[in-house]
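These protein sequences, in sequence, are chains R and Z. Residue 27 in the working numbering is what sits at position 27 of the first sequence, and the numbering runs on without skipping anything. Residue 157 in the working numbering is what sits at position 157 of the second sequence, and the numbering runs on without skipping anything.
Since the hints were derived computationally from the structure, they do not count as laboratory data. Here the structure is a predicted model, which means the values were calculated and not measured. Be aware that one or more of the hints could be misleading.
Claimed, not checked - Covered, in the sense of this in silico footprint (three residues per stretch, anywhere, with C-beta under 8 angstroms from a C-beta of chain R), are these stretches of chain Z:
| # | stretch |
| --- | --- |
| 1 | 52-65 |
| 2 | 211-219 |
What the hints assert, rightly or not - When the alpha-carbon atoms are kept at most 25 angstroms apart in a straight line, the in silico DMTMM-like pairs for lysine to aspartate or glutamate are as follows:
| # | chain 1 | residue 1 | chain 2 | residue 2 |
| --- | --- | --- | --- | --- |
| 3 | R | K505 | Z | E69 |
| 4 | R | K695 | Z | D95 |
| 5 | R | K699 | R | D672 |
| 6 | R | K279 | R | E303 |
| 7 | R | K695 | Z | D225 |
| 8 | R | K312 | R | D330 |
As the list claims (entries may be wrong) - So the derived label-pair ranges between C-beta atoms look like this:
| # | chain 1 | residue 1 | chain 2 | residue 2 | range |
| --- | --- | --- | --- | --- | --- |
| 9 | R | G116 | Z | E108 | 28 to 34 angstroms |
| 10 | R | D686 | Z | D133 | 28 to 34 angstroms |
| 11 | Z | D133 | R | G497 | 31 to 37 angstroms |
| 12 | R | D201 | Z | V179 | 45 to 51 angstroms |
Just so it is clear, CB atoms sit at the ideal spot from N, CA and C, and this is done for glycine as well.
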Amino acid sequence: MADAAADFPLLPSGFADWFAAQGWSPRVHQLEMVARARAGRDALLIAPTGGGKTLAGFLPTLVELEARPRSERRGVHTLYISPLKALAVDVERNLARPIREMELDVTAESRTGDTGVARRQRQKVRPPDILLTTPEQLALFCAWEGSRLYFEDLSCVIIDEIHALHASKRGDLLSLGLARLSALAPGMRRIGLSATVDDPDVIRRWMGCGDRPVDLVRGPPGAPPQVDLLLSNGRTPWAGHTAQHAMAEVYEAIRAARTALVFVNTRFQAEFAFQELWKLNDDSLPIALHHGSLAPEQRRKVEAAMARGELKAVVCTSTLDLGIDWGDVDLVIQLASPKGASRMVQRIGRANHRLDEPSRALFVPANRFETLECQAARECIAENQLDGEPLRTGALDVLAQHLLGCACAEPFDEGSMLAEARTAGPYRDLSRTDFDLTLDLTATGGYALQAYDRFRRMVRDSGGRWTVRNAEIARRHRLNLGAILSPEVLSVRIAQGARLVGGRKIGEIEEGYFEMLDPGDTFVFAGQVWSLAGITGMDVLVRPARDSDPKMPSWGGSKFALSSHLARRVRRMMSDSAAWAVLPPDVREWLGLQRRHSRIVAEDEMLVETFPRGRRHFLVAYPFEGRLAHTTLAMLLTRRLERAGAQPLGFVCNDYALAVWSLQPMDDVNMDDLFAQDMLGDDLEDWLAESFMMKRAFKGCAIIAGLIERRFPGEPRKSGRQVTFSTDLIYDVLRRHQPDHLLLRCARQDAAEGMIDAARLGDLLARVAGRIRHVRLDRLSPFAVPMLMEIGKERSPGTAGDAILAEAESELIAEALA
Amino acid sequence: MSPVAALGLRPWADGALELTLAGEAACLLPSGALLLAGRSTLVVADLHLEKGSAFAGRGQLLPPLDTRETLRRLTADVEARAPGRVIFLGDAFHDHEASRRMSEADREALEALGGAADLVWITGNHDPEPDGDLPGEAADEVRLGDLVLRHEPRTGPSPGEIAGHLHPCARIATPRGAVRCRCLVTDGERAVLPAYGAFTGGLNVLDPAFAGLFRKSPVVAALGDRRVHAAGVRSLRPDRG
Chain R
1 MADAAADFPL LPSGFADWFA AQGWSPRVHQ LEMVARARAG RDALLIAPTG
51 GGKTLAGFLP TLVELEARPR SERRGVHTLY ISPLKALAVD VERNLARPIR
101 EMELDVTAES RTGDTGVARR QRQKVRPPDI LLTTPEQLAL FCAWEGSRLY
151 FEDLSCVIID EIHALHASKR GDLLSLGLAR LSALAPGMRR IGLSATVDDP
201 DVIRRWMGCG DRPVDLVRGP PGAPPQVDLL LSNGRTPWAG HTAQHAMAEV
251 YEAIRAARTA LVFVNTRFQA EFAFQELWKL NDDSLPIALH HGSLAPEQRR
301 KVEAAMARGE LKAVVCTSTL DLGIDWGDVD LVIQLASPKG ASRMVQRIGR
351 ANHRLDEPSR ALFVPANRFE TLECQAAREC IAENQLDGEP LRTGALDVLA
401 QHLLGCACAE PFDEGSMLAE ARTAGPYRDL SRTDFDLTLD LTATGGYALQ
451 AYDRFRRMVR DSGGRWTVRN AEIARRHRLN LGAILSPEVL SVRIAQGARL
501 VGGRKIGEIE EGYFEMLDPG DTFVFAGQVW SLAGITGMDV LVRPARDSDP
551 KMPSWGGSKF ALSSHLARRV RRMMSDSAAW AVLPPDVREW LGLQRRHSRI
601 VAEDEMLVET FPRGRRHFLV AYPFEGRLAH TTLAMLLTRR LERAGAQPLG
651 FVCNDYALAV WSLQPMDDVN MDDLFAQDML GDDLEDWLAE SFMMKRAFKG
701 CAIIAGLIER RFPGEPRKSG RQVTFSTDLI YDVLRRHQPD HLLLRCARQD
751 AAEGMIDAAR LGDLLARVAG RIRHVRLDRL SPFAVPMLME IGKERSPGTA
801 GDAILAEAES ELIAEALA
Chain Z
1 MSPVAALGLR PWADGALELT LAGEAACLLP SGALLLAGRS TLVVADLHLE
51 KGSAFAGRGQ LLPPLDTRET LRRLTADVEA RAPGRVIFLG DAFHDHEASR
101 RMSEADREAL EALGGAADLV WITGNHDPEP DGDLPGEAAD EVRLGDLVLR
151 HEPRTGPSPG EIAGHLHPCA RIATPRGAVR CRCLVTDGER AVLPAYGAFT
201 GGLNVLDPAF AGLFRKSPVV AALGDRRVHA AGVRSLRPDR G
């Protein structure tokens, strides 16, 4: 035993003994984290799942606390922050064992939105040594009068799953919270725990306190994952997103695995795959469903069954991208497009948490474009080429929220607050002007008219410091803080009896989902067929139904667009016929047909096809830049084609291409002019100002900045998602009377980044300038078949059964090859 | 005869919609004002001026620009149609202090309107006591031939009534998704006008508050961006979220 201690001089003997008793040896990166802590350095640990990452994060804290008698501890020593409530609770459980077994005098407690009032109160009076919580709880702490005293002794903050947090408004808010903590406890160290990322420097700059450097510690690389592609004997269809053709093979793969996670991109696909698998499930394998619209209780149930090892498979969406570890998972199946390499690495990492064994994954392309994409993703993963994240600039609506929070806690001096905010990575370049504008937004709403001086939410005290005007405003701020915006949702409830009375809740669905359904229509939700009984207020009332052919309204596209990194690889792979050899024969044949009937272009070129069909004329462009950028591009092209007299009628987009159709032929359109980069000027601004996306973005900014409240004091949480005032009305009035208002600027930035992908569109137009290859065809090309299928889908959402789609597809293929 | 024909609905110039109310020709402008051309009268309901500042007083800092925007629209309507009289159908002000919170510029705009037309302020529940400093005269209700103009619609049959108060809105389903907009709702005998104010929200016409007002199935005249659209009950949907 003495030997164990001698081998690891950084570890107290009790620790070394404990490792030895487990039959473990402390890993290099775990000891490295202790060493960095001892040197007082901030550190980012990058390690794959299964690398003992969590223990590495807490080891320095446990070592320090072991050496510090309780009488010398005054408050929370370490604050742990996780993006998921469940993860905070899970880590609390996992920490308990080493603490107990090493007999350490250390308390570790979680605190989330679900923690009971009594425990929360007690935690404030008698802080645990280690507090495990979420970014939203930290924001609440920052807005609390007792925060300075509570945190003055804080030694360390640990941010878990930091790769999933930093590049978002939630990350902005967290970075400001960290800046506050560092101001309260200047000696506090920062530790970040991250999965493998493309560029760790982005996260280091995000998490560092001002210019203080963050050390990089890398865990051992895991065994490279083994990723297979499901070829389905050449039956991969030309179009479609469901992968229905492959379900029997997917089922077999599940049966052969110990436990499988089946990832899909949309909730519609999740419901569909779940239905299909159960149709095949003669062995009654325990296969469950997990997605964001299911009731939280139902999701918790699935997660618990998974943790107990009772399930064979879970069909899930990104809701399970993050989460607590399930040791039994040995296979990850990705149904349909992987979209990006980083996300796939994350998903694949959910299988097999043992470092020395490779994780196993199976990619199931739903169409032939996706076969290319899956192949590209396999190569990226093998070469560890992940998607990069752009550097983020902190949002000012988030800063506004943070400023009011700080003013709720204690008066602040504006000069020191600006300096403090600049120590947060995303706000390092915050200008004095923007800070002043944000301060004014927080205090008075930021209106050019000085009408609201007497209604200020923040006022200056006698010393010129800013403080919240009264306790009521502070109380309402605490009710409304956070940077997570939920879409407007309706509860799906089972109708009771003949009258329309809502019973048990089975989940939630975004507003607008039921647009196309009438009472009596059947649809699939939560893995069952329901008939729509009616809608009352916030509730959708349904009854169980037996219908073998339910409607399946599409739940929108995937949240994620094809990453530019993966897209580039797909373009390269397609352009080089020598590289086709790695592709399955059906895809090679399809590419060959495209070359024969239309054209295959070089990697840096863009193909545009025009052809007549029926009484319409079509223009199909293949930029491979993701659905968002394509949608924006199609909007702008349509405006231009309108002015050129082509009389465009509509468009559709997917991750690979976009198609516009019109009454007049577009064969003679000058494509270089049509795709000229100047469309990003006035055309984009004109369109954007009127678009619903700006209104949606504005609503989000107005809520985060606290201009509009989600909740009033005393209101139940249930109805809390409704805002109290129509933000569209505010948007219209501001746009006319104060177009330079700060929130309009914030909304513009959000829309450009998140909804229209303006930067990527700009890159696309620059990339293809002078390199557009226009092919005039007399009929559609093989590549155009999937696009025309998308049109059919758009026109009659939900009504087209697979038989109809299959028939339509074979007709289109015949036409393309005629 | 289709309900549309029975109600005399007919598109008019500048996006307006002509309709027959209790036998009298009227015209709904895209702004939400009702023009009784035969009586040289423009009717507007529920302006709720100074609603923004009322919210600000309670801690929600909505833009203090709603009065300016509402009066801009009204001034444009008055300039375009040149009515001899403008009747405010109640709740012109959001609360009884509202008129005193108006900015100097907004007050001047209101004075200018008073110079261009006679202003009649029907009292509403938000503004039961008219501000004596305002241009024009006050009234509880106004009768014009068979028409009676008041703030709150009476329950039960009330032929010839033109009222406000309910802020009717319609959610109309189209194949490309649903649109929610302010609207006038009428069965040809009586009508409820849309709220005219820039910050006035709306109540769905399928809400029980509208039940019992109409003897036959009503139609809505919905305010689009540039024109008024007629829609029957079958295209209407309840609100979501």
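Problem set entry | Hinted pair K695(R) and D95(Z), Cα distance within 25 angstroms | This hinted pair is violated, its Cα atoms lying about 28 angstroms apart.
Exercise. Are the Cα atoms of K699(R) and D672(R) separated by 25 angstroms or less?
Worked result: At roughly 37 angstroms apart (the allowed maximum being 25 angstroms), D672(R) and K699(R) break the hint.
Exercise. Is it true that the CA of K312(R) sits at most 25 angstroms from the CA of D330(R)?
Worked result: Roughly 10 angstroms between the alpha carbons, so the hint for K312(R) and D330(R) holds.
Problem set entry | Supplied distance hint 28 to 34 angstroms, evaluated on CB atoms of G116(R) and E108(Z) | 58 angstroms, violated
For this session: Look at the Cβ atoms of D686(R) and D133(Z) and judge whether their distance stays inside 28 to 34 angstroms.
Result: Hint violated: Cβ distance 43 angstroms, outside 28 to 34 angstroms.
For this session: Assess, step by step, whether the Cα of K505(R) is no farther than 25 angstroms from the Cα of E69(Z), and give holds or violated.
Result: 43 angstroms, violated
Exercise. Are there at least three residues in the stretch 52-65 of chain Z whose beta carbon sits under 8 angstroms from a beta carbon of chain R?
Worked result: It holds: at least three residues are needed, and the stretch 52-65 of chain Z offers 11 whose Cβ sits within less than 8 angstroms of chain R.
Exercise. Taking 25 angstroms as the top limit, are the C-alpha atoms of K279(R) and E303(R) close enough?
Worked result: 23 angstroms, holds
For this session: Could you tell me whether the CB distance from D201(R) to V179(Z) stays inside 45 to 51 angstroms?
Result: 47 angstroms Cβ-Cβ, so the 45 to 51 angstroms window holds.
Exercise. In terms of beta carbon proximity below 8 angstroms, does the stretch 211-219 of chain Z have 3 or more residues touching chain R?
Worked result: Three-residue rule not met by the stretch 211-219 of chain Z, so violated; n is 0.
Problem set entry | Satisfaction of hint between D225(Z) and K695(R), Cα-Cα up to 25 angstroms | It holds: about 15 angstroms lies between the C-alpha atoms, which stays within 25 angstroms.
Problem set entry | Assessment of proposed distance window 31 to 37 angstroms (beta carbons of D133(Z), G497(R)) | 58 angstroms, violated
The structure is inconsistent with the numbered hints 2, 3, 4, 5, 9, 10, 11, although it conforms to all the rest.
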